[in-house]
Amino acid sequence: MKKATTILKRIIVAILTALFVSFAAYALLYFSPGDPAELLLMEMTGGSGLQMSVVKEYAEILGTNKGLLPMYKNWFVKMVHMDLGTSYRTGRPVWYEFRIRFATSLSLAVMTSVISMVLGVSMGMLSAKYKNKFFDKFTRMLCAINMSIPSFWLAIVFMWVFVIKLKLAPMSGDMGFRSLILPSCVMGLTGCSGLIRITRIGILENLNAEYVLTLRAKGLSESARFRKHILRNISLSIVTMVTQNVVSLIGGSIIIENIFGLPGVGNYLIRSIQVKDFPVILGFVFIMSLTVVILNLISELVSYALDPRIRMEVYEK
Amino acid sequence: MDSILTLKNVSTTFNSRDGYVKAVSGVDLDIAPGEIVGLVGETGCGKSVLGQTILRLTPSNAVTEGSIVFNGEELTGLTEEQLQEIRGRRIAYINQNPSESLDPVMNVGNQVMESIILYEKISKKAAREKAKEILKSLSFEDPETIMTKYPVELSGGMKQRIMVAMAMCGRPPFMIADEPTKGLDALIRGQVIDSLCRFIDYTHCAGLIITHDLKFARVICDRIALMYAGEIVEIAPKDELFTKPLHPYLDGLIASMPQNGMKVIEGMPCSLIDLPSGCRFHERCRYCTKQCEQIHPSMVKPSVGHEVRCNRYD
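Chains as they are written, first to last, in this note's numbering: chain P, 1 to 317; chain S, 1 to 314.
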C-alpha cells in the first residue's frame, strides 16, 4: 500500500516536472526574436514581398498574437483533454506527427542501448580481468579519448570513413534498418565509455570486498563467485548508468538524427523550433521530458528490487 | 596422537609499495584433533594473516613459505582447484568483520543454502530444511524468517552467528575463526561464544581461534599461542598461560586486562617492514639487556607443553 502511494506520488511529480520543462522551453522560444506567423509564411512563400497585413491576419488565424500565458492556457486546457493541438506548419495533429516518427527514434534508441551495453559491459569485464595488462591500459586510454569526443564529430568521421571511403552505408535519409546502423554505432560508442569504466571499477572493488573472501573460504570456484555474487552486486551501478545513457540519448539523438537526416522525433523538433511551431514544441518537449522522468523512476524501481539496502532506506523513511 | 594440522616454519610476506611486510615469520604450530588453539596478540601482529595463510586466502601479493600439513596432506603445493575441495568442507574459515562478510544483495538463507548445496549436492528443498536445522541448533528462534532477511536487516551479532552457521554446513574437522567476538557488546558476545561452542560440539572439530580477547580465549580454547610481530612468542595450556606467564610481553598483556587494572604496555608494536634486530620485543621490554638487542631468541621449552621465545629462559 505504502509502496503504491509512493509510486503514485512520484508519477505526479514526474508529470509536473515534464510540464515545467515544456513550459520553460516554450517561454524561452517565445521571447526569442522572430514571429511564428512571419517565419511560417516566409517558409511557405520563399520569403519575398510579405505584406504586414497578411502576417497579422495569419497570426490572428494561428492565435500567436495572444501573449505568452493565454497561449499556454489554451494548450494546457486541450492537453488535459488528451489533445496536443495541431502543428502550425503542417496542419496535422501533433500527436500524429509524433507517432509516425516515434518508431524511427525508438529503434535508434534501442539499437544504441544494445550496442553500448554489449560493448560497455564486455569490455569492462575484460578490462577488469586483465587489470593493468596491455588490454586494460589500451581500453582505458580509448575510453578517455572516446569520452572527450563529441558525438557530432564522431558522426562526421564515421560518415567519411564508412560512407564516402568504404561505401558501406547510405549517407542519409530513411532507408530502413540500414540507415540506422551508423547513427546507432556513433551514439553507442559515445555511451559505452562510462559503462566500461563503471563495470571495470565495480568488478575490481567487489573482488576485494570482504564478502568475496567469505565466498572463497566457502570453497566456491572463481566462476561461481563471479556469476552468482559479483555480477549481481555490480548490476546495480550498471542499471543506473544505462538509464543515464538512455536519458542522454534522448537529447543526443536530436543532433544525430539531424546529421544523418533520419525522419525521427528529434529531427522534426529541430525543424519546428526553426519556425517556432509552438504546439509541436510544447507537445514534443512534454512527451520527451516525461519519458526522461519516467525512465529515472523505472531505474529507481529496478534498484529497489535489486538492492535490499535501498529497500531498507525506503522503509526507514 | 597425530596432529590434524602442522605448521612448520611458515612465513608470509606481502610485497607492498612501502617494502616487504613480514606479516608472519617462522611459525611452528601443532594442533591435535579436537583441540582448540587460541591465537592472541595485538592488532597488526599477523594473527589474521596466519589464519588466512593456512587456506591460502591471503591477497595475491602475499608469498608464503614453509609447510602446512593438514591430515597428512601438504596444503602449500595444492592447486587452487584442489584447495577449493578443502575450503569449507575440511577446514572452515569464519571471516572477521561479519557486517562486510556476507553478500549484501543475497538473503542469508540462500547464502547458508549455497554452502550446503556446494558440499552435499542435494536439492534446494532439502538444503532449506538442513539450513533451518542448523540455524535452530544455533538457537535462532525463527529460522524461517531469518532466512528471508538480507544482511542489512540483521544485527552484527546475528550476522556473526550466520557466519558460524555457514561454517558448520560442511561439518569440517577443522575451523579457523578470525576475531569472532570483535566489536560485539557483552550480551551478544555471549551468544556468539555460545554458537561457537555448539559448533565445536556439533562437529567435534579442532580449531584455531584468532582473537585479542584473552578472557574469551581462556573460556573456549585448550591451548593459547601468543603472537608478537609475526612470531609465536609463547604457547601453553590456557590456565598455565595465565598462572605462570613467562614472556614479558604476556605479563604486560595480562596486566592490561580490565580486571587487572588496564595497565598498558609502553610503546607501539614494531613495524613489520623494518623488524628490529635481536628480540622483536626488546624495545618495549623492561628486562631488555645488551643480548636482547643482538640475539634473536629461539623457542625454548622450560616445562612440558609450555614454550617461550625469550633470552631470559635460554
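Hints listed in this document are in silico derivations from the structure and should not be mistaken for laboratory results.
Any given hint could turn out to be false.
Calculated cross-link-like contacts (lysine to aspartate or glutamate; reagent style DMTMM-like; alpha-carbon spacing at most 25 Å) [unchecked claim]:
#	chain 1	residue 1	chain 2	residue 2
1	S	Lys-124	P	Asp-307
2	S	Lys-182	P	Glu-210
3	P	Lys-131	S	Glu-129
4	P	Lys-131	S	Asp-18
5	P	Lys-228	S	Glu-266
6	P	Lys-129	S	Glu-144
7	S	Lys-301	S	Asp-18
8	S	Lys-238	S	Glu-100
9	P	Lys-129	S	Glu-266
10	S	Lys-121	P	Glu-313
11	P	Lys-228	S	Glu-85
12	S	Lys-149	P	Glu-300
13	P	Lys-228	S	Asp-18
14	S	Lys-149	P	Asp-35
15	S	Lys-244	S	Asp-274
16	S	Lys-8	S	Glu-35
17	S	Lys-22	P	Asp-35
18	P	Lys-133	S	Asp-18
19	S	Lys-136	S	Glu-80
20	S	Lys-22	S	Glu-85
21	S	Lys-124	P	Glu-222
22	P	Lys-66	P	Asp-35
23	S	Lys-149	P	Glu-313
24	S	Lys-244	S	Glu-266
25	S	Lys-130	P	Glu-57
26	P	Lys-3	P	Glu-205
27	S	Lys-149	S	Glu-81
28	P	Lys-131	S	Glu-81
29	P	Lys-228	S	Asp-274
30	P	Lys-228	S	Glu-35
31	P	Lys-228	S	Asp-30
32	S	Lys-125	S	Glu-80
33	P	Lys-228	S	Glu-42
34	S	Lys-22	S	Asp-222
35	S	Lys-244	S	Asp-30
36	S	Lys-238	S	Glu-42
Computed list of chain P residues with no C-beta within reach of chain S, every gap over 10 Å [unchecked claim]:
#	residue
37	Gly-34
38	Ala-209
39	Thr-214
40	Leu-215
In this text, a Cβ means the ideal position worked out from N, Cα and C, and glycines have one as well.
Consistency of the hints with the structure:
1. Lys-124/S / Asp-307/P: holds (23 Å)
2. Lys-182/S / Glu-210/P: With a Cα-Cα distance of about 15 Å, the restraint between Lys-182/S and Glu-210/P holds, given a limit of 25 Å.
3. Lys-131/P / Glu-129/S: Between Lys-131/P and Glu-129/S the Cα gap is close to 42 Å, so the pair fails against 25 Å, i.e. violated.
4. Lys-131/P / Asp-18/S: Distance ~21 Å between Lys-131/P and Asp-18/S Cα, so the pair holds.
5. Lys-228/P / Glu-266/S: violated (48 Å)
6. Lys-129/P / Glu-144/S: violated (38 Å)
7. Lys-301/S / Asp-18/S: Violated, at roughly 37 Å.
8. Lys-238/S / Glu-100/S: violated (31 Å)
9. Lys-129/P / Glu-266/S: violated (46 Å)
10. Lys-121/S / Glu-313/P: Violated - the C-alpha atoms of Glu-313/P and Lys-121/S are around 37 Å apart, more than 25 Å.
11. Lys-228/P / Glu-85/S: holds (19 Å)
12. Lys-149/S / Glu-300/P: Satisfied, since the Cα-Cα distance of roughly 21 Å is no more than 25 Å.
13. Lys-228/P / Asp-18/S: Status violated; Cα separation ~36 Å.
14. Lys-149/S / Asp-35/P: violated (63 Å)
15. Lys-244/S / Asp-274/S: Not OK: Lys-244/S and Asp-274/S at ~32 Å, beyond 25 Å, violated.
16. Lys-8/S / Glu-35/S: Satisfied, since the Cα-Cα distance of roughly 18 Å is no more than 25 Å.
17. Lys-22/S / Asp-35/P: violated (80 Å)
18. Lys-133/P / Asp-18/S: Given pair Lys-133/P, Asp-18/S holds - Cα atoms ~22 Å apart, limit 25 Å.
19. Lys-136/S / Glu-80/S: The given pair, whose Cα atoms are some 33 Å apart, is violated under the 25 Å limit.
20. Lys-22/S / Glu-85/S: Outside the cut-off at roughly 29 Å; violated.
21. Lys-124/S / Glu-222/P: holds (22 Å)
22. Lys-66/P / Asp-35/P: Distance of about 12 Å is within 25 Å: holds.
23. Lys-149/S / Glu-313/P: holds (15 Å)
24. Lys-244/S / Glu-266/S: holds (22 Å)
25. Lys-130/S / Glu-57/P: Violated: Lys-130/S and Glu-57/P sit about 85 Å apart, past 25 Å.
26. Lys-3/P / Glu-205/P: Roughly 32 Å between the alpha carbons, so the hint for Lys-3/P and Glu-205/P is violated.
27. Lys-149/S / Glu-81/S: violated (32 Å)
28. Lys-131/P / Glu-81/S: Satisfied, since the Cα-Cα distance of roughly 22 Å is no more than 25 Å.
29. Lys-228/P / Asp-274/S: violated (42 Å)
30. Lys-228/P / Glu-35/S: violated (35 Å)
31. Lys-228/P / Asp-30/S: violated (37 Å)
32. Lys-125/S / Glu-80/S: violated (30 Å)
33. Lys-228/P / Glu-42/S: violated (36 Å)
34. Lys-22/S / Asp-222/S: Distance ~28 Å between Lys-22/S and Asp-222/S Cα, so the pair is violated.
35. Lys-244/S / Asp-30/S: Answer holds: Lys-244/S to Asp-30/S is near 21 Å, not above 25 Å.
36. Lys-238/S / Glu-42/S: holds (18 Å)
37. Gly-34: holds (54 Å)
38. Ala-209: violated (7 Å)
39. Thr-214: It is violated; Thr-214/P is separated from chain S by about 5 Å at its closest Cβ, not greater than 10 Å.
40. Leu-215: violated (7 Å)
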